[in-house]
Structures are given as C-alpha cells and as structure tokens.
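There are 2 protein chains.
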Amino acid sequence: MNTHEVAEAFTALCKAGEFEKAGLEFWAQTVRSVEAMDGPMASIEGIDAVIAKSEWWYANNEVHAIATKGPFVNGNQFSLVFDMDVTDKASGNRHAGEEVALYTVENGKIVEERFFYGT
Amino acid sequence: MNTHEVAEAFTALCKAGEFEKAGLEFWAQTVRSVEAMDGPMASIEGIDAVIAKSEWWYANNEVHAIATKGPFVNGNQFSLVFDMDVTDKASGNRHAGEEVALYTVENGKIVEERFFYGT
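First to last, the sequence lines map onto chains L and B.
Taken in order, the first sequence gives residues 1 to 119; the numbers are from my numbering.
Taken in order, the second sequence gives residues 1 to 119; the numbers are from my numbering.
Extracted from the complex, chain L is given alone in its bound form (with noise of 0.2 Å):
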C-alpha cells in the first residue's frame, strides 16, 4: 500500500471509532510515538510500548467523543485532525478540543506518529 492507500485505510477505521484496530493494523514494529510534552512518555518505540500506551490511554481517560477529520497527505507523510471531548478519570478534568496528528509511512506501515496539541 502507498501513502494515500494507508492514509484512506487507517482514516477509515478512525472514523469507526476503530483506533486501536487502526493502529494494530498499521504501526510498524518499530512506530515511535512522540506527544507534545515532557517526561517519560513523550517519545516512545517499539510496538509494544505503544500499544501499551494506547491501553494506558484509554483506561485512564474517558471518551465522550472522538471526530476524525482528513487525511491530508504528502509525500510519506498524511495527517488527521481529531475533535476530541474527553474526561482524564484521575483529575476529572473535561477537555474539549482538536489536536492534529502526524503520521510517517514507510512500506505500508507507520512508523512514527506525532501529536500536536491546541495552545
């Protein structure tokens, strides 16, 4: 699959409310993953560590809704627009908003994805 080809695909599933499935799908053995912060989780590689990550993500966060919007390709490279409307369970602090995320591609698969956040 070429860029737009996993771009559509891994879009697809987001919009299904199918993430995690899009990210088994998709991320590379060796997908890093890079957040807008600091600390120990701001970048992280390997598979594994990422789809611990998501798990972490999704147990210690309530999802109201999440809307995906793209993609928007170059070259190697398509990016997603998320509005997201979700409660951090420990704080119980709501946030509603959007974040682009940056997704690489190399041989059908994703091996870095980064996020940006709303200032």
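Worth flagging that the hints you see were computed from the coordinates, not collected in a lab.
Don't take every hint at face value.
Chain copies aren't distinguished; within one or between two, either way the pair holds.
[Said to hold, decoys possible] With a straight-line Cα cutoff of 20 Å, these simulated SDA-like cross-link-like pairs (lysine to any residue) come out:
1. K69 <-> F82
2. K15 <-> E62
3. K69 <-> D83
4. K15 <-> E99
5. K109 <-> T119
6. K15 <-> T119
7. K109 <-> S43
8. K69 <-> A96
9. K69 <-> M84
10. K15 <-> E98
11. K69 <-> G23
12. K21 <-> V111
13. K69 <-> Y117
14. K69 <-> E99
None of the values given here were measured: they were computed from a predicted structure.
Once you have looked at the hints, place chain B on chain L.
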C-alpha cells in the same frame, strides 16, 4: 522567540488575514516550502523563491475566505488548519475544503513549511 511564541504570533497574523506579512516576518532566509504535488513547485528553497511562489499563488487564485485554526504545537513544530474557499482563476474551478500546514521553527524563524491536502 521559542516555538510557542512564534506559533502564536504567526497564527495571530494568519487569523487577521495577514498571510503575506506572517511569512515576511517569520520565514528564515533558507526557508523550504513543500507542497503535496509533483513538479518544480513541489519543493522550493530560499525566502526569495517562497515569496515569489506566494505572490504567484495570490495572483492566480481568487480568495473568497480562509479561516485559520490553531496553532497546534509539538517540540519545534507547529501545525495550522486552513479552511479555504478559493477559485483558480485559470480554470474557474472553485474549491472549498481544509488543508493542514506544518511549520518547523529554528532560532525563532520558520525554516520549513509543508502543506497537506485533503484527499
């Protein structure tokens, strides 16, 4: 200025419709501009070439509206989402839709801009 400060100032100019001023204020001398297309305009380098491309774009497109969302920041990069309603003067084709722009900042200047188009 750090990346957050550049992102906020650049975005404020874009939201005010001052796109060319935003570029002139924040493009580095060596800025690289990457479009999601083939051909000689796909990747250009240097502030003079990027200014010329911008002038070409405004000369060849009639802008009905551009709404700017963001900024979305991660590390030394930030992203904007442009909701554009534009007519290509040559073809007469009017196109409305979103695109994503990704900016890389070094030393308070934008050293790369990269545009992602909806599919």
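How would you label the pair K15, T119 (within, between, both, or neither) given a Cα cut-off of 20 Å?
-> Between copies, since 15 Å is at most 20 Å while 25 Å is not.
Can you give me the call for K69 and D83, within, between, both or neither, at a CA distance of at most 20 Å?
-> both (8 Å within a copy, 12 Å between copies)
Check K69 against Y117 for me: Cα-Cα at most 20 Å, and say if that holds within a copy, between copies, both or neither.
-> both (15 Å within a copy, 12 Å between copies)
Intra/inter-copy verdict for K15 and E62 if alpha-carbon distance must be at most 20 Å | within (18 Å within a copy, 33 Å between copies)
Between K69 and A96, at a C-alpha cutoff of 20 Å, which is it: within one copy, between copies, both, or neither?
-> both (15 Å within a copy, 15 Å between copies)
At most 20 Å between C-alpha atoms: does K109 with T119 qualify within a copy, between copies, both, or neither?
-> between (30 Å within a copy, 19 Å between copies)
20 Å Cα cut-off: does K15 pair with E98 within a copy, between copies, both or neither?
-> both (15 Å within a copy, 17 Å between copies)
Intra- versus inter-copy proximity for S43 and K109 (alpha-carbon distance at most 20 Å) | Within one copy only: 18 Å inside, 25 Å across.
Within, between, both or neither, where K15 and E99 count as close if Cα-Cα is 20 Å or less | both (15 Å within a copy, 18 Å between copies)
Under a CA distance limit of 20 Å, which applies to K69 and F82: within one copy, between copies, both, or neither?
-> both (6 Å within a copy, 13 Å between copies)
Measure nothing new, just compare the shortest in-copy and cross-copy C-alpha distances for K21 and V111 to 20 Å and report within, between, both or neither.
-> within (16 Å within a copy, 36 Å between copies)
Up to 20 Å CA-CA - E99 versus K69, copy category = both (10 Å within a copy, 10 Å between copies)
Of the numbered hints listed earlier, not one is contradicted by the structure.
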